[in-house]
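Trainee: Taken in order, these protein sequences are the chains called W and V. In this text, residue positions in the first sequence follow the working numbering: the first is 1, and each later residue adds one. In this text, residue positions in the second sequence follow the working numbering: the first is 1, and each later residue adds one.
Possibly wrong hints are sitting among the right ones.
As the list claims (entries may be wrong) - DSS-like mimics (lysine-lysine), calculated; alpha carbons at most 27 angstroms apart, straight line:
| hint | chain 1 | residue 1 | chain 2 | residue 2 |
| --- | --- | --- | --- | --- |
| 1 | W | K53 | W | K65 |
| 2 | V | K56 | W | K53 |
| 3 | V | K33 | W | K7 |
| 4 | V | K33 | V | K123 |
| 5 | W | K7 | V | K123 |
| 6 | W | K31 | W | K7 |
| 7 | V | K102 | V | K56 |
| 8 | V | K33 | W | K53 |
| 9 | V | K56 | W | K65 |
| 10 | V | K33 | V | K102 |
| 11 | W | K53 | V | K102 |
Hints listed in this document are in silico derivations from the structure and should not be mistaken for laboratory results. For clarity, every value in this text was computed on a predicted model and none was experimentally measured.
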Amino acid sequence: MLILSRKPGESIVIDGHITVRIVRLEGDVVKVGIEAPASVPVHRQEVYDEIQKNNREALTQTAAKLPRVVAQAEPTSLGVAAAKDSFHHAHQH
Amino acid sequence: MNTLELTPTERPATNGNDVIQLPSGLLGFERVKNYRLLTRPEEEPFMWFQMVGETKQAFLVVPPHYALPDYRPDLSDLDVAFLDLEDPSEAFVLNIVTLRGKGQATVNLKGPIVINRRTRIGKQVIPVNAAEYAIRHPLPLS
């Protein structure tokens with residue numbers, strides 16, 4: 001792992017288009033600012049860890065007795081959103 | 001209803017193959033790439049997302065509007081490209097259910113499984129707006 005020393009206000013540039021800035025120190029908390037293109041997902045490590053843990057808990061015996069779900073009307077809109085450009089972009093690949 | 005027709009008895013006309021491929025696997029199950037979506041009429045709207053080769057265990061999944069009617073995960077450009085989605089209507093969204101005992105169940109709205117209906121390639125994505133959604137969203141039960 002590359003370890004760099006930075007002071008508040010200083011930055012690291014990754015791949016020429018992602019900037020990670022140390023904004024300030026608050027006790028034992030480091031405020032980090034990340035500038036990245038919309039195409040680069042940025043999430044806390046905990047999100048991945050939680051989903052992994054939840055997946056492991058969710059694996060179920062297929063013989064399980066299932067509860068009854070409250071009926072819901074079908075959604076009128078499509079289930080996902082994304083910038084219109086991104087779908088067009090995907091089409092070009 | 002927007003669903004893939006994927007019951008074992010109702011195979012798609014295209015290639016007779018009902019396998020859904022997850023090239024990245026599910027988080028924590030990265031090595032398992034091939035799944036099938038199984039339904040039993042008496043269990044609707046639940047479905048089983050089952051690893052190919054595994055018959056006794058599976059992930060219980062449900063269309064997300066049963067948990068949250070206006071659920072709208074915002075996919076990153078990278079995920080749209082990865083899934084080769086040409087239009088939002090190609091995306092089939094399923095969310096993993098966890099049975100919590102005592103008749104309780106929660107739905108993971110933070111990490112939906114999105115499947116391209118056309119290619120049958122899917123991915124467990126973390127939407128750009130994942131912070132708006134809970135990993136243990138209570139499923140309304142009757």
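Trainee: The structure should be examined with respect to each hint, and the outcome stated for every one.
Mentor: Going through the hints against the structure:
1. W/K53 / W/K65: holds (23 angstroms)
2. V/K56 / W/K53: OK: V/K56 and W/K53 at ~20 angstroms, within 27 angstroms.
3. V/K33 / W/K7: violated (43 angstroms)
4. V/K33 / V/K123: With a Cα-Cα distance of about 10 angstroms, the restraint between V/K33 and V/K123 holds, given a limit of 27 angstroms.
5. W/K7 / V/K123: violated (38 angstroms)
6. W/K31 / W/K7: holds (12 angstroms)
7. V/K102 / V/K56: holds (22 angstroms)
8. V/K33 / W/K53: Holds, at about 18 angstroms.
9. V/K56 / W/K65: holds (14 angstroms)
10. V/K33 / V/K102: Not OK: V/K33 and V/K102 at ~32 angstroms, beyond 27 angstroms, violated.
11. W/K53 / V/K102: Holds, at roughly 21 angstroms.
Violated hints, listed in ascending order, are 3, 5 and 10; each of the other numbered hints is respected by the structure.
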